[in-house]
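S.K.: Chain by chain, the residues run as shown.
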Amino acid sequence: MRSSAMRDLMAITARPEVISLAGGLPDTSTFPAESFAAQMTRIAHESSAEALQYGPTEGFDETKDCILEVMAAEEMAPDRDDLIVTTGGQQAIDLITKTLVDPGDPVICEAPTYPGAVPTFCSYEADVHQVSTDDDGMRVEELERLLNDLARSGRRPKFIYSVPSFQNPAGVTLSEERRRRLVELAREHEVMIVEDNPYGLLRYDGEAQPTLYSLDGGDYVLYLGTFSKILSPGIRIGWVAAPPPVLEKIALGKQAADLCTSTLTQYFVREYFGEGRWRQYIEDLVEIYRDRRDAMVEALERHFPPQAVWSVPEGGLFLWATLPGYIDTTNLLAKALRENVAFVPGRAAYVDGTSGASSMRLNFSASDEDQLREGVRRIGQVITEQIELYETITGEHRVAAPPDEPEDPGGEVVPLPRR
Amino acid sequence: MRVAVLKGGSSLEREVSLRSAARVEDALGSLGHEAVGIDAGPDLVARLRDERPDVVFIALHGPGGEDGTVQELLEILDLPYTGPGVASCALCMDKVAAKHEMRAAGIPTPDWAAFNATAFRELGAGDTLAEIEAGLGFPLVVKPASQGSSLGVEFASSRDQVPEALLAAFSYDDRVLLERYARGRELAVSVLDGEPLPIVEAIPRDGDFFNFEARYEIGRTDYICPAELPDEETERIRELAARTYEALGCSGFARVDLMLGEEGPQVLEANAIPGLTDTSLFPMAAEAAGVDFSRLVEKIVESARLRPQAAAGSGR
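Going down the list, the sequences are from chains A and U. For what it's worth, this note's numbering labels the leading residue of the first sequence as 1, then goes sequentially. For what it's worth, this note's numbering labels the leading residue of the second sequence as 1001, then goes sequentially.
Incorrect hints may have been included.
[What the hints assert, rightly or not] Which chain U residues stay away from chain A? Per the calculated CB distances, all over 10 Å, these:
1. Glu-1013
2. Arg-1014
3. Leu-1031
4. Val-1045
5. Thr-1069
6. Leu-1079
7. Ala-1104
8. Arg-1121
9. Gly-1152
10. Ala-1168
11. Arg-1183
12. Ile-1224
13. Glu-1232
14. Glu-1235
15. Arg-1243
16. Pro-1308
[Said to hold, decoys possible] Keeping only pairs whose Cα atoms sit at most 20 Å apart, straight-line, the calculated EDC-like set for lysine to aspartate or glutamate is:
17. Lys-335/A / Asp-1094/U
18. Lys-335/A / Asp-1174/U
19. Lys-335/A / Asp-8/A
[To be verified] Taking beta-carbon pairs under 8 Å as the criterion, some of the chain A residues facing chain U (in silico):
20. Ile-327
21. Asp-328
22. Leu-332
23. Ala-334
24. Tyr-390
25. Gly-395
Calculated from the structure, these hints are not laboratory results. We put the beta carbon where it would ideally sit given N, CA and C, even for glycine.
In isolation and in its complexed conformation, chain U is listed as follows (with noise of 0.2 Å):
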């Protein structure tokens, strides 16, 4: 089978899509395909028309690759391609859509309050802080609503550190949201074809929570997988993820990341095209479930095949 290949593209996870994608086409070089590398820029649609493949491998992470835009494209090409659909991907990057959406559907998340720039410079915003800071208690945290890393993500323990945090957020997206902050273990669930896979702990290792640049940085957290949990609460875990998993409209795979704390699991958000490195979690779950990762990308790769194109997905 001939397989394209999507990575590098000018988000900020750049590196990250490209060392996920070198690892991707050595897997399906093993598995007897080939695989046509593409870095996505202006000439995508063009190198897509030439190589004609018959599946699209989408390794990119953040805005462009996992918004949902590089999905809407290869519908209108007609060609199959692996993870969720267009409007799968426009919720799951937008987190705050998603976590509506989980409302919604019962499913737990810290609560939360929204904004763009705009409702700071025109509508005064900043004059709701106090009231925002009395709900949320501290620390809360303050993200982009749009980026798949931790780039911009920060922690604010007093008040007074609440404006630089909504603007370094706001250094990374026009919509932030500033969120209670959930205490806890730090889980993430892989979800493979709707099957929910063991479940991935993440634990600092010099204890600092509030540094997410530590999260960042290999050898400054330690990943155990499965988590060691009682079973019957890393069942109820991994039921909240497919159901998160099914919430968010994903197909293919999508890693949902939660804290597990007093008040029980609350999801943060779901990735709908997680990390394929060799230090990324959805590998890891599935290395644990007895998947390597050359047969994870086969499976991947079925899913993606075997799918009917979603037209409804895209509005057309």
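This is chain A alone, in the form it adopts within the complex (with noise of 0.2 Å):
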């Protein structure tokens, strides 16, 4: 188990009076209540014996076709067959993994990467190696270099993990380019991709981008998706798409972790997708995330200090910011807390607990604009206050910013000390 401490701090965020910028939370009040009272009341006087009974492991077929109409969305077409519903889309990387790693191999995945896959890679126990990003995602060249160097000591990854869209928590987007250059090295090396996209409808501008398994055609790349950011993360509905033979030993692994996903749930999903305002829906929450991205933006810009600097999502639920190299943003949540405001701290997001000290992930989809601004606030008050602190402590503050000296006003100006 990694990181008690930071466990431990996490734990207090929940607390009501806390503005957390911490969850990956969709803002389910947007989900009208009356057809969530309909849809489930229909369930019952139609279905009823159905919805409470166990399905098969592999889902319904009824959940599947919701599944390709979802996939289709990004211009995929996999067959039904290719599909298996998990719970969540996290029980999907937990199978994937347990399916396909033993002790020790080698799994890639990004720096930083989706904190929740950390403790799934780590308790599988696979040799973790991350691959930096920038502002178009993974940096393939030096996946290559990784690559070539495993193979030269006899090792092959047992896949690569990437979110390519809107990533979680760094919010880039991985570019065309970068996408069709993955798929080539996964080709070569004879590697999969799992590629995780649970945010791909969820963009707020620029073009959308093929999905590396559209690319790949599905020979390489096991799909990960889920209904989770785009209807409710309480249904616990995923998936995975993928070839025939993995697809099996996903299922074989299904069985044994709990047999089948919530029939009750999919037979929502059913009834939902049923109505056809699926996509209308996603198109709500689009303009509703749009705006706070916006909002949250622009409260950085004001109230976080110019040593800071954060990404600008195209898309997705979060942005990343990185402080000053000796700000350690795990001590800063303690400090944050105490103004009732929290993040995650980037050390979640590496595998190594000492990486990404001195970055957070910010989610801007649970809140709304004014708690937004006034979280970003609060955090940016924190971090000015440990800067100045530092200055003071090192004496930087006197070599650096030599005392404004403002145009003659005209009488004398009596310097005061900064309280």
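Using the hints, build the complex out of the two chains.
M.R.: Here's what the structure looks like:
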């Protein structure tokens, strides 16, 4: 188990008085309660016995048809038999790692990577290698070097895990050129790619990028999807699209883990998609989240000190901010919690537990614009306090910041100590 | 007996507290008492007035529950409670005040210098760092003055690491101390009703003495109880722990942390409300003395019930 200190800190972020920019929650308050009630009532009236029963391990065909609709919206057309329904996207990551990785096997992911994948990779004792990212996502030339290095020592990674669109946590999107190169590299080195795409349809600006799955045709790419961000995380439904031999192994693992995904919530998905309004709901979410992203970016420009930098994501739920190297954001979180505001410290996104110490992940989907502005203001304030304190400790302020000499205002200016 | 178990609260050690309390509540139940768990929040006083417990078991850690605040409220409500009183809790939580008290009582504790943030901001304390570093030597330890756990505790092994270590410690408290690193074996002596229990020794598994994170994690530190020490040394250390307990005005229980190096044992701090989880050192020491967890809880509750209300401690 990693970093129980950070886990204890994160537990406090759930207090009601805390403005939490730490979670990865969609805003489920926007889902119309009446339509939820109507759908569940219909299920109770028409399919009570079936909805309360076990279901097939791979999931219902009707659920898979809904999944095919969602994948078609991003230009993907797998066979229905290429799909397995999982208990959320998280179980998909777990099952794939369990199926493919033996202790010590190399696995490659982005740096930073999805914090929720870190404990999964660690619990199956994968030898995790992280490839750095920039504004265009994973640096594929660095990936190529790593693959070559591993090949020279006779090792081949079990898979390359990537969140190519609006990456969690960095907020960056893999460019089309790099997508093509990544898929090529996977073929050349005969390595599977695990494409995790929970937010692909939540794009606020810019051009849609082809998924790795569509570029590759599904030979080397295992695709993970989820209804969590486009419908509800509470229903716990995700999926994997994979070639049949891999799918069979995943199905065996799933049988051992939980027999089947909730039938009740699969019925709910079926009802919901039957109404034919799912695209509209996503469009509504896109409008809401775009405004929230903009509010957060504006607040960052206003309240974060000039020493901080951050990504401006074209979609998804997160942005990633990086502070001067002497600030450790795990410690900063303790200070921020005293001001009742929370974020995810960057270390959580690195397997070594020490990199990313000066960065933080900020979520903009789960809070309204006023909360976002206030939350960012409070975080900006604690950062500024820490920077000023550091400068007074090191004496940098005396060197770096000569006293402001305003244009002669026509009188004597008495310097006052700052309080 | 009706026993209110105070737990949770808003300190950074909330999770540890919840784990301690769950275990205490189980033990109280098995002893035939009625345990009423109360998460310490804005309704704490109202809840206590409603529940009217015979005794209050304080299973809170960190500022608020361990610094005399909750104890003060219980004095006002005239409810008997477990562990040290108001003044003693305040003293134990403030590492700097505790070190002054220990020095005055002739208890060895490593040299230190303490500052608040204002000293750096407004009084140029940064200019004294060279002297402090020369006096304490490297590596030195930087700690927040008032955190119970290892959060914010940093080692600096050279000059250039000191500012970052200070900044880390200042994230947890407005006052921090720089302390001479006491090299040696890490020991903890729990004291129950003034009687020192067997000594626990903590041994970091990968030999990484400079990583406090490691000590916070299960499986990265081995604990040995009773610590393997010559009888004479054991007695000397236990006696030192008992003197520390007394010097800091503790009652009920406390845990004294020491380092045993070439210069003999040095006391780092006393914890007024040590953890009671299934991996905590206090229950481990009690177990080694033949006191199982239920019996330990029983003793603590008895001690609280029989203790005269320490109105003097609250200054009223």
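S.K.: Could you run down the list of hints and mark each one as holding or not?
M.R.: Results of checking the hints against the structure:
Non-interface call for Glu-1013/U relative to chain A: violated, since the shortest CB-CB distance, roughly 7 Å, does not exceed 10 Å. For Arg-1014/U, the requirement that its beta carbon stay farther than 10 Å from each beta carbon of chain A is not met, with the minimum near 6 Å. Every CB of chain A is more than 10 Å from the CB of Leu-1031/U (nearest about 29 Å), matching its label as outside the interface. In this structure Val-1045/U is separated from chain A by more than 10 Å, as the shortest Cβ-Cβ distance comes to about 18 Å.
At the 10 Å boundary, the C-beta of Thr-1069/U stays outside the reach of chain A, the nearest C-beta of that chain being 15 Å off. The beta carbon of Leu-1079/U is kept farther than 10 Å from every beta carbon of chain A, the shortest such distance being approximately 26 Å. The claim that Ala-1104/U lies off the interface holds: its Cβ sits roughly 30 Å from the closest Cβ of chain A, which is beyond the 10 Å cut-off. The claim that Arg-1121/U is not at the interface with chain A is violated, since a C-beta of that chain comes within 10 Å of its own (minimum 5 Å).
Remark: the non-interface label on Gly-1152/U conflicts with the geometry, its nearest Cβ contact in chain A lying 6 Å away (cut-off 10 Å). Not every CB of chain A lies more than 10 Å from the CB of Ala-1168/U, the least distance being 5 Å, so the non-interface label is violated. The Cβ of Arg-1183/U sits about 24 Å from the closest Cβ of chain A, beyond the 10 Å cut-off, so the non-interface label holds. Interface exclusion of Ile-1224/U from chain A stands, the closest Cβ pair being 21 Å apart, more than 10 Å.
No Cβ of chain A approaches the Cβ of Glu-1232/U within 10 Å, the least distance being about 37 Å, so the stated non-interface status holds. For Glu-1235/U, the requirement that its beta carbon stay farther than 10 Å from each beta carbon of chain A is met, with the minimum near 35 Å. Distance check on Arg-1243/U: its Cβ is at least 32 Å (rounded) from any Cβ of chain A, clearing the 10 Å threshold; non-interface status holds. The Cβ of Pro-1308/U lies farther than 10 Å from every Cβ of chain A, with a closest approach of about 36 Å, so its non-interface assignment holds.
The straight-line distance between the Cα atoms of Lys-335/A and Asp-1094/U is roughly 18 Å, inside the 20 Å bound, and the hint therefore holds. Distance restraint check for Lys-335/A and Asp-1174/U: the Cα-Cα separation of roughly 10 Å lies within the 20 Å cut-off, and the hinted pair is therefore satisfied. Distance check on the hinted pair: Lys-335/A and Asp-8/A sit about 14 Å apart at the alpha-carbon level, within 20 Å; holds. The beta carbon of Ile-327/A comes within 7 Å of a beta carbon in chain U, closer than 8 Å, and the hint placing it at the interface holds.
The closest approach between the C-beta of Asp-328/A and any C-beta of chain U is roughly 6 Å, which is under the 8 Å cut-off, so the hint is satisfied. Proximity of Leu-332/A to chain U holds as hinted, the smallest CB-CB distance being about 6 Å (cut-off 8 Å). Given the 8 Å rule on beta carbons, the hint for Ala-334/A holds: about 5 Å separates it from the nearest Cβ of chain U. Interface hint status for Tyr-390/A: upheld, as the beta-carbon distance to the closest one in chain U is roughly 5 Å, under 8 Å.
Taking 8 Å as the C-beta contact cut-off toward chain U, the hint placing Gly-395/A at the interface holds, the least distance being around 6 Å.
When held up to the earlier numbered hints, the structure conflicts with 1, 2, 8, 9 and 10 and fits the remainder.
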